[in-house]
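Chemist: Below, each chain spelled out in residue letters.
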Amino acid sequence: MSVDEFDPAIERLFARAPAFADSAQFEADLAAKLNKSSRFRTMALSVAGLVGGVIAVREVLSVDFNFASSSSSASAGAQSAGQGLTMAGVDGAQAVQSMLDRLGVAGMDLGSMGGMQLFWATAGLLVALLAAGVVKLSQEI
Amino acid sequence: MVKPLRDLHDVELAALSAAGGRREFGELVRRHSPAVRGLLRRMGAQPALADDVAQDAFLLAFEKCAEFRGEGTFGAWIKRIAARLYLKRRSKDARYVAEVENDDVAPNVDSVGRMDLDEAMKGLTEPERLCVSLCHGAGLSHPEIAAAINLPLGTVKSHVKRGLDKLRARLQPEPVAHGSASHVG
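Going down the list, the protein sequences come from chains A and B. Under the working numbering, residues 1 to 141 are what the first sequence spells out, in order. Under the working numbering, residues 1001 to 1185 are what the second sequence spells out, in order.
Since the hints were made in silico from the structure, they are not lab data. Values in this document were obtained by computation on a predicted structure and should not be read as measured data. Check before you lean on any hint, since a few could be wrong.
[Unchecked claim] Each computed EDC-like pair below joins lysine to aspartate or glutamate, with the alpha-carbon atoms no more than 20 Å apart:
#1 A:33 - B:1056
#2 B:1161 - A:11
#3 A:33 - A:22
#4 B:1166 - A:11
#5 A:36 - B:1024
#6 A:33 - B:1027
#7 B:1166 - B:1126
#8 A:36 - B:1052
#9 B:1064 - A:27
#10 B:1157 - A:11
#11 A:36 - B:1056
#12 A:36 - B:1063
#13 B:1122 - A:11
#14 A:33 - B:1024
#15 B:1092 - B:1126
#16 A:33 - B:1052
#17 A:33 - B:1063
#18 A:36 - B:1027
Next up, chain B with everything else stripped away, as it sits in the complex:
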């Protein structure tokens, strides 16, 4: 009995896709395209460019599906492909490692001062954004990031650390100081 596509594991779908199965690959796209598109936007790509790169990444993944053997997850594999494609695309336009601080814009926050990840990422500089996204979004190691964006390893580590510090501050704002007043009296 043939299992429905939604019941198949990613590895099975990838194997069927490698044999030319477009429906099976379509299921992989359905499962993983939101994550890939989200990652590219978090890396700083404009929505149109992010979608364009995401499509190219999936087209390339379809060609190379036979190379995916399930050592890691399909999601991690396709995200790495997309991240590298995006870096390549960007490097054609300009050096993206310029140390330009983002403009300070008022972030959208909820009623208790928290913001979501996408909003918090906007507070990072471009290199910090790239390094944090590549590290925590695409799963690249620090040396891999350093090689991919042509920066010294120490600089990459600094960007990741500073970026995480900023994210932590933005995602978990310091509680309002209410202790001192309550203890009075």
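One chain only, chain A, in its complex shape:
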């Protein structure tokens, strides 16, 4: 075998994968790791979604109240048929509020932080986590 022919032969030897007796165990371990990381991700996303959802509902609710009261004033000023619609909006908002009250979410005291403060703190935390993930991924490759 000449030197020129040798490289392809080496490549063929390298391409020939060795057989491992514990291949099934290796595959099972890897599948377990995949499942574990997937569970963790699902849980983290669920928690983040829940927290974000609660905060979003609280914020929307407060905006709705302001909107409802301002549109009530406007409607009262106009004294027109829009009053009925405004009242419906207020009723809807009150219904959502009472439902959240029943669930104990609307009255939830999230420490001494206000809604917006909590929102920004959570957003900052998520951004930090995302940045850490990107950094770690960039280190892997």
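Following the hints, position chain B against chain A.
Modeler: The following block gives chain B in isolation, referenced to the frame of chain A:
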């Protein structure tokens, strides 16, 4: 009609894996994990470390499956990922380019003096082993190897050449000189 997994091409399996298909990715693991584990061991990793890095490589490949578009083979792609992960892991521990010769141990050879590739690789120095494995096992070019292990290009070429020379000598031992005696008389 849905084709069984074993009938699907790697590119199809990778596309399905990118969409979250774990069974499809499992088939890719079944097909390529022996090659990846073998490559890492040939690069000099101890079996436990090799398997650990191989698993990390497959986990990373699952995350990045969408980036595999089938320009090369999936096997080459995953081997490159694994090789780079192993180099990164090693670089955390120590500089792996120290010019330390391996201890001379008696190699396992067959009845006609040949040994298999894994056995022959043990006769190479660590840098030679890395360079030959990365070149012929992971498919990296010489400049890519030089960049990956932070060595000058000329040094990488020398390591590859010396490593191949050693492998050639070990895989194809010189025939026993029997010609001179047979011609006598």
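Chemist: Now look at each hint and say whether the structure bears it out.
Modeler: Hint check:
1. A hinted pair counts as satisfied when its Cα atoms are at most 20 Å apart, and residue 33 of chain A with residue 1056 of chain B qualifies at roughly 9 Å.
2. The suggested pairing of residue 1161 of chain B with residue 11 of chain A holds, with an alpha-carbon distance near 14 Å, which does not exceed 20 Å.
3. Straight-line distance between C-alpha atoms of residue 33 of chain A and residue 22 of chain A comes to about 17 Å, which keeps the hinted pair within the 20 Å bound.
4. Annotation: proposed proximity of residue 1166 of chain B to residue 11 of chain A holds, straight-line Cα distance about 15 Å (limit 20 Å).
5. Taking the CA atoms of residue 36 of chain A and residue 1024 of chain B, the gap is about 18 Å. The hint holds against a cut of 20 Å.
6. Taken as a hint, the residue 33 of chain A and residue 1027 of chain B pair is honoured in the structure, with Cα atoms around 16 Å apart against an allowance of 20 Å.
7. A threshold of 20 Å between alpha carbons decides the hint, and for residue 1166 of chain B with residue 1126 of chain B the separation of about 13 Å falls inside it, so the pair holds.
8. This hinted pair checks out: residue 36 of chain A and residue 1052 of chain B have alpha carbons roughly 16 Å apart, not beyond 20 Å.
9. For the suggested pair residue 1064 of chain B and residue 27 of chain A, the alpha carbons sit about 19 Å apart, so the restraint of at most 20 Å is met.
10. A distance of roughly 16 Å separates the Cα atoms of residue 1157 of chain B and residue 11 of chain A; the hinted pair therefore holds under the 20 Å criterion.
11. Distance restraint check for residue 36 of chain A and residue 1056 of chain B: the Cα-Cα separation of roughly 13 Å lies within the 20 Å cut-off, and the hinted pair is therefore satisfied.
12. Distance restraint check for residue 36 of chain A and residue 1063 of chain B: the Cα-Cα separation of roughly 14 Å lies within the 20 Å cut-off, and the hinted pair is therefore satisfied.
13. For the suggested pair residue 1122 of chain B and residue 11 of chain A, the alpha carbons sit about 17 Å apart, so the restraint of at most 20 Å is met.
14. Distance hint between residue 33 of chain A and residue 1024 of chain B is fulfilled; the C-alpha atoms sit about 16 Å from each other, no more than 20 Å.
15. Proximity of residue 1092 of chain B to residue 1126 of chain B is assessed by CA-CA distance (about 17 Å); at most 20 Å being required, the pair is judged to hold.
16. Of the supplied pair hints, the one linking residue 33 of chain A and residue 1052 of chain B holds, its CA atoms being roughly 11 Å apart against a limit of 20 Å.
17. The suggested pairing of residue 33 of chain A with residue 1063 of chain B holds, with an alpha-carbon distance near 13 Å, which does not exceed 20 Å.
18. Between residue 36 of chain A and residue 1027 of chain B the alpha-carbon distance is near 19 Å, which keeps this suggested pair within the 20 Å criterion.
Hint compliance for this structure: no hint is broken.
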